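K.L.:
Please construct the entire structure, taking both the sequences and the accompanying hints into account.
Residue numbers (the working numbering), protein chains in the order written: chain Y, 1 to 335; chain W, 1 to 235.
Calculated directly from the structure, the hints in this document are not laboratory data.
Note that this is a predicted model, so its numbers are computed, not measured.
Be careful, since some hints might not be right.
What the hints assert, rightly or not - In silico PhoX-like pairs for lysine-lysine, Cα to Cα no more than 25 Å straight-line:
| no. | chain 1 | residue 1 | chain 2 | residue 2 |
| --- | --- | --- | --- | --- |
| 1 | Y | 240 | W | 99 |
| 2 | W | 103 | Y | 88 |
| 3 | Y | 95 | W | 103 |
| 4 | W | 99 | W | 125 |
| 5 | W | 12 | W | 103 |
| 6 | Y | 88 | W | 138 |
Said to hold, decoys possible - Short derived list, chain Y residues pointing at chain W, Cβ under 8 Å:
| no. | residue |
| --- | --- |
| 7 | 7 |
| 8 | 41 |
| 9 | 94 |
| 10 | 97 |
| 11 | 101 |
| 12 | 207 |
No residue lacks a Cβ here, since even glycine has one placed at the ideal position from N, Cα and C.
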Amino acid sequence: MWLVYDWQAAVVIDQVGQIIDDIQVQGILSTRDILQRLSDLQNNQPTPEALELHHRFSDAQMCQKHEPNLPLFALPEPSIENVEQFDKALILQTKMEIEFGAGHPDRRLEHLVRLSDELRSSQLTLENRCIEWFGDMFPYAQQKRDRHEFLRKASTHEEMATFCESIGIELPQHNMPSKEWNLMRTSAQHVLDLKAEIDRVEQALRMLSNEYLPSVSVLLGPLLAARMCVEAHGRERLSKLPSGTIQVLGAEKAFFHHLKTGSPPPKHGHIFMHPWISHSPKWVRGKISRMLASKVSIAAKIDAFQGEAWTEKDVEKIGKRVEVLRSAKRKKNQK
Amino acid sequence: MCMSNNHQPKSKRFLMEKSSIWTLNATPGKRVYGEQLKRFSGQEFRRWDPYRSKIAAALLRTKQEPENLLPRPGSNVLYLGAGHGTTISHIHDIVCGSKNHSKGRIVGVDISPRCIRDLLLLVEKRPGFIPILADARKNDWQNAMLQRADWLFQDVSQTGQLDIFLETCGNHLKSDAKALFSFKMASERWTDEAIANQLETMKARIEHSNFVCEEVLDLQGYEDEHFLFVIRSIG
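P.N.:
Right, here's the structure in full:
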């Protein structure tokens, strides 16, 4: 004997689907009522009608109407008014779910990471172009390593002549119109603005990452932590990934090439950016990245399930492990 | 209650002119995705792009009467993998019509919040359409079904597409009703087996589950590596 229910009715049926008793909601339900009932159904909670029938038939097995292996039966049909209310409630439910998902930290992280990538790549291209431009126009100018200082100087001088004076060169022979000089100046300013923008984005990223992924952030640094989380499509998924996958996140191309052709598998993906790996000798990087990936996996689980976040102390312990790996004797055939 | 009315004559909500397909616009003057609008004998139609909609591509490829693949006005429709609303808007044109005067009901399920956001924009103008944010593989959306569907379409591009489809048809399709199943080859595990063999195996599974597989349409040219199965439940 089963007690089958949906959002508006409940029936007790026997083994062949014969209806023994039924009960249906009376009157018109409000959308709020229906929303409550729908969430009850999702949590496998009985509706008032189901409870009522349960009192009458306490030995009937309660289940929802989509349970497989039920005999054929029909629940009482809802009234036209209630169907209308039901459809409204469904749309409201969808809207609420969308609202609930909006502003999720995973999405915020993703936008920030992608934005900083985009800004960085366009800033670098623009900067190179700018530096080449200045080099071509002022061949004797000494562009030292600090390119930004040079550009900052250029952007502050309204006259080409005063700029040349300030960097101690003679005014070149060509007489570039001042309009063009102004364009050079503004593009130099633009490069500097973009740099400042990147810094602001990364600052926001660090803050969010430290708050949302405290353990992974303290282990990898907030920026790398954010990138790992985004590449894994969210914190929850990062916490569920095997550490082998975390190790090669970002090295998908090499990894699938390996699967396809049998070429050597990649040893590290984004995790390579961590100085423990990138500043280690080549032959030990694979070992360190494997160890570090497994630690990331643990840290991600702590963050995703609100455990006690790691501190510098915990990371120090891992740092010692890295030292052990680095000081291990290199085998003869190791590359 | 949104009952299907099988006696209602198929009104001219769907036109085929040479190789272009048109549906009667349920929201005259408004486009959904930048499609062409055109008037035929005083009524405005929207062009159904076969390069963007697998059903439109299937309508051009089928050997049956194209209208046989489509739901009737006033049907109760289940649509898994609703996407951005390109196809579903045309289905809505046919099933519900302007202000849902045909009393159709379309439940559109999609897993992606991004897609649902687009679909919610359709809701106001197109009554009768109900978007649901849920995973087709799970049961959350099933409560939205008030009765078995008169017509069903699935386009989910996940592994195990066929399993989902057969289970859904078993649970939610009326007897003697049509169901279309868009199959994306690339979503399945790559095997050495020839494509023709794989399709035969799938066909056999469909027949084994007590459905009639009427046609398997290769959508190559419109949507590469996609096949559309036309299926009918036994009456």
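K.L.:
Hints first: check each against the structure and report whether it holds.
P.N.:
Results for each hint:
| no. | hint | verdict |
| --- | --- | --- |
| 1 | Y:240 - W:99 | violated (46 Å) |
| 2 | W:103 - Y:88 | holds (15 Å) |
| 3 | Y:95 - W:103 | holds (23 Å) |
| 4 | W:99 - W:125 | holds (8 Å) |
| 5 | W:12 - W:103 | holds (17 Å) |
| 6 | Y:88 - W:138 | holds (22 Å) |
| 7 | 7 | holds (6 Å) |
| 8 | 41 | holds (5 Å) |
| 9 | 94 | holds (5 Å) |
| 10 | 97 | holds (5 Å) |
| 11 | 101 | holds (5 Å) |
| 12 | 207 | violated (25 Å) |
Violated hints, listed in ascending order, are 1 and 12; each of the other numbered hints is respected by the structure.
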